[in-house]
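A.B. asks: Below are the chains, spelled out letter by letter.
Number of protein chains: 2
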Amino acid sequence: MKIGVIGLGLMGASFGKVARKNGATVYGYDIDEETLQKAKLVGAIDETAETCEKDLDLLVIATYEEQFYPSAERFLPLLKHGGTIIDFCGNKRTIARDMKKLAAKYTDINFIGGHPMAGREVAGIDNSLIALFDGASMVITPIKADIFAIDELKKYFLSLGFKEVVITTPENHDKNIAFTSQLCHIVSNAYIKSPTAENHFGYSAGSYKDLTRVARLSPKMWTELMISNADNLKTELDLLIANLEKYSEALGAGDKAALCALLAEGNDRKISIDKGKLE
Amino acid sequence: MKIGVIGLGLMGASFGKVARKNGATVYGYDIDEETLQKAKLVGAIDETAETCEKDLDLLVIATYEEQFYPSAERFLPLLKHGGTIIDFCGNKRTIARDMKKLAAKYTDINFIGGHPMAGREVAGIDNSLIALFDGASMVITPIKADIFAIDELKKYFLSLGFKEVVITTPENHDKNIAFTSQLCHIVSNAYIKSPTAENHFGYSAGSYKDLTRVARLSPKMWTELMISNADNLKTELDLLIANLEKYSEALGAGDKAALCALLAEGNDRKISIDKGKLE
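Chains as they are written, first to last, in our numbering: chain A, 70 to 348; chain B, 70 to 348.
Nothing false has been slipped in among the hints.
Repeated chains share a single entry, so a pair holds when one copy, or any two copies, can fit it.
Straight-line Cα separation of at most 25 Å, BS3-like style, residue types lysine-lysine; simulated pairs: (1) K325 to K289; (2) K315 to K262; (3) K289 to K315; (4) K262 to K344; (5) K123 to K223; (6) K289 to K344; (7) K325 to K262.
Simulated from the structure, these hints should not be mistaken for laboratory data.
Isolated chain A (complex conformation):
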C-alpha cells in the first residue's frame, strides 16, 4: 500500500502515523517546508511526495477546503490507474463540486469525499496523534467511484482503528455536521464571553467544563468551515436561539409550569435519542 498525504497538520500527520504503523509507505507534502521536514522526523511520512514514483494506491488531501482543488490537481498524477483520492475536509458539498470537475479529466480514478469524526482543540503536526482516529467514525461521500473501490476503502479505514464507516451524500453530511460539530463550537465560543466566566473558579463541576471545552479553536480554520456551510449552520443556530428564548420567557415570567415543560421535553428527547443509539 502506497499512500500520498497532502497537508501535514493535525489530521494529515495523525493519518500518516497510523497508516505507517499499519504497514503503508507514506509520501507526504506540506506547503510549509519545516512541517514537511518535521513529518519525517516524527514518523508521519516515509518520504516527500516529490520522490514518489507515480503509483500511489491512495491520495489523501488533508488541507484547508480552499486548497483542495489546487492540491488535488497537482498530485492526482501520482495515483496509479484505478487509484482513489479522498479528502479530509470538514464540509463535503464544496469538495463534491471540485471532485466532479476533476473526475471529468481523471476518468480512471475513484473520487470519494471523506471526513474523519475526530479532532482536538489544538492544531498542527505537533499535536498529531497515532491514536487520533481510534474508535472514531469515518464519513465518506462517494462522488464517482466503483463499488469495489468504496468497499476496499471502507475495509482499509476499519483496519486503521476507525469503529465505523458511514456512507452518505455530501448534502446529508453537511446538514448533520452543522449540528454535531460546527454549532457546538459557536455555542461554546459564545458561552465563554460572559463576564462571569472570569470569576467561575471554584464554582464549576463537569457541566461548565464540557460546555466551554471547544471554545478554544482555530479561528481561521473554523471560519472557512462555517462560511462554507453557512446555510445549514445558520438554520441550526437560529433554531437553537429560538428554543433558548422560550426558556428566557419562562424565567422572566417566573412560570414554573412552562419552564418545567421545556426541561422535561429536552430530558425526554435526550433519553429517547440515546436509546436510539443503542438499538
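Go by the hints and put chain B onto chain A.
C.D. replies: Below, chain B alone, put in the same frame as chain A:
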C-alpha cells in the same frame, strides 16, 4: 463526630457514605420510608435520626430548597450547643433568608450555607457514590457562624476528599452558579431539540457529546433551582442569546471577517481564562 443527614437523595446519601467511611456516626432521615430503609442497607447512614440523642455536631440538610425550612425547624433541636447546620441546596440567597430567621431562635448554633460542586445526570440514593465529592470544590456561605466553626467545617470537608473550600456570599454564589451550572443545563437541554439530533449517529466526535451531556436532568429539581435564581439566570441566558445572534448575523451575511473576529475573541478569552486558572 455525630452527623445528621436530612434528605437521602444523590447528595445526602453520597455524603453519608463518605462521612461514615471517614469515621462519623451518621443519623439520617428521608420523607420516603423506603429510601430511609435503603440508606441503612447501602451504608449511607448508621441509624435513623429519630434514634439520635440530641447531641449532633453537624446537621446537613440535603433536601429540595422548599423543604429546607421545615426540615431545619424539625431537626435543629438535635444539634448540640455550638453545633453547625449546613444545607446542600443549589441556590444560597433563599437559604440565607431562611437561616437568618432560624438563627434568631437558635442563637447557640452556627448557620452556614453550602453547595458541593458535584453532581450526576441521574438522581436518588440508588445513584449515590462514596466518591462523588472527590476532588470537588465546596462552596460555603456563612450566615451566622463564629470563625472557629467555619474553620473546623472547612477542615472537615477537606478531610472528606473535597479539593477546596470556597467561602463567599450567597449573592456571589448565586450569580456564579447561574453561569457555571444552571445555564449549561438550559443550553444542553435546548440543543438536543433540533430535529437533526435524530440523525446524528456516526457524525459526532466529542463536541456533540459534551454539549448534550446534561440535557438529561430532573425537570422538577432544576425548575425549582432555576426559578429561585431566575434573575441571575435570565441575565446570563439573554447575554448568551445576544452573543449567539452576532454569529448568526455574520453567517447570514457571509461575512468572513466578522465571523473570524467573533471566533478569535472567544478563543482568546478561553485561553486567558484557562491561564488564570493555573495562576
